[in-house]
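Following the hints, position chain D against chain L.
Chain order of the listed sequences is L and D. Residue numbers for the first sequence follow our numbering, beginning at 1 and rising by one. Residue numbers for the second sequence follow our numbering, beginning at 1 and rising by one.
What the hints contain is simulated information worked out from the structure, not anything from laboratory work. Incorrect hints may have been included.
As the list claims (entries may be wrong) - In the BS3-like style, the derived pairs of lysine-lysine whose C-alpha atoms are separated by at most 25 Å in a straight line are:
no. : chain 1 : residue 1 : chain 2 : residue 2
1   : L       : LYS17     : D       : LYS254
2   : D       : LYS259    : L       : LYS79
3   : D       : LYS16     : L       : LYS100
4   : L       : LYS127    : D       : LYS16
Quick caveat, the model's predicted, so the values are computed rather than measured.
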Amino acid sequence: MSETILKATNVSKTYGKNKALDKVSIEIKRGMIYGLIGENGAGKSTFMRMVMGLIKIDEGDIELFGETGKKEVQRARRKMGQSIETPALYPELTARENLKVQAANGGVSEREIDHLLHLMNLSNAGKKKAKNFSLGMRQRLAIASTLITNPEFLILDEPTNGLDPSGIVEMREIIQRLVAERGITVLLSSHLLDELSQVATHYGILHDGKLINELSKEELAHETRQYIELETTEVQKAVVVLDELEINDYEVVNGTSINIYERIDDVANINRSLVLADVNVSRIGTTRQKLEEYFLQLTGGNSHA
Amino acid sequence: MLNLLTAERIKLFRSKKLWIVLAIFTILPILQAVNSKISVDYGKELVQVVDTVINGATGVLMTEKNGLTVLLVISAFICFFIGEEFQNGTIRNALSLGRSRTHYYLSKFVMAALLSLIGTIVMTVVGIISFTVIFEFGEVAEINHYFIYAIKSFSTLYLLILANVSIYVTISFLTKNSGIALIWSFLYTIATGFLPDIFQQTTHFKHVTYWFSEVFLFYSDFANPADIAKFPVMVLVSLITIVVSSTIGIFLFKRTDIK
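The shape of chain L in the complex, shown without the other chains:
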């Protein structure tokens, strides 16, 4: 069984009367890219800040790299890197100097600086002040800054926020490269499930401070897979035909609708069989539940995601 990097058990945080996190339990194992999804204000950043020790936990426990004691957890945080919301950089310093500062903060050598600038496509911008960087460059520099301490666990809060489409693709590739080449475990957040689904291996869905669902990439793919949507006023007769066609993976949604999850490419034959059996077909066609629709369905449909 792979090592547990982070185990949060029933963590809660309250700001005044507002419960930002309500008994959230998440376990992240080595090698995972854990995507935390939720609308703005769902508690994603609060959870990440708690893990990093930036805000106090009202209730619950955090276990990091198997450590549970207060001092031990604090020490374990040296194996972590973070970039929360906006890239935290010194605008008056150059890219190289920003990395030097973080190397000093972490008590590590500056040897990796050139390599990291190259890795993040910032080799030519090493002497440029961070305040003159584009948002994409700032995001990449912020990630380079987190990597200077050679972290085993990376926390990225909305790393694609504000990026243009090419910047989003680039950021996604960087994350995947870090996991593949350095074996880093990643916890990242977004309010866009579609975007997260391109990189994450596991998902946690936060809504109003509560973790309402956790699923793997495979489970998400299953939940949002393609299917044939059949609408008919004669569901019973249609079911008999589907059984005769040896179709087993289907779901009677209601009195007029059936979702068929197999033989997706065989719509024409299924339709012909139904018509030949004198089933009154109102509509038949393939469809896919979009990730966003799935998310809305889970959160009750009142989100902005």
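For chain D alone, kept in the frame of chain L given last:
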């Protein structure tokens, strides 16, 4: 702690603010020496009690002469130096690596104290040199051992400044915003500079008067034997201020949520 100090050193040396502060502390004594020379040329006689610095020897009191300016410049520097860490979010970079908040607080205080020390040394040395060039070195009346006096008065003046530095650091960590910290620091400096004079007029608050470092900085004459005799009290008030404000600052900072 040493790692944090190294990071602070990199930030500070690349900071324009540091060089602006040092430039102010360098240029101000030269301008004042030239200004005094012009006044003398127009027939004014320099008097130590009024003008504080009248020759090279009294140049050691340059920090006393510019007490309010020094405090306002240093407070502005500290408010930006600390407040911007919160506003840029860069404070997270160090704290999320498991660095102790006490060490983080102390590293900022140490850097602010070092800047103040360098600033006051620069101001004093440039003051002594520029006043010596224009008015000769001369002497401080009733002082027999100048070197010992110079060391004692400079150290006491620096400690009085440091007590305020400690307060500015505390204010900056509590407000977490350079603009708000600046307003509170200015208010504190002005209030504690002038409120004690009001306290002095009252029965109930009279004893509080001498518990603010600015009282000594603004209202003492460091060349006067009676005030020189108060150096130990000044040192005590400064040390108590530093310990109390830093303890409160660290205590509250450790309980602060970092956004």
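Hints and how they fare:
no.	hint	verdict
1	L:LYS17 with D:LYS254	holds (23 Å)
2	D:LYS259 with L:LYS79	holds (21 Å)
3	D:LYS16 with L:LYS100	holds (18 Å)
4	L:LYS127 with D:LYS16	holds (17 Å)
No hint from the list above goes unmet by this structure.
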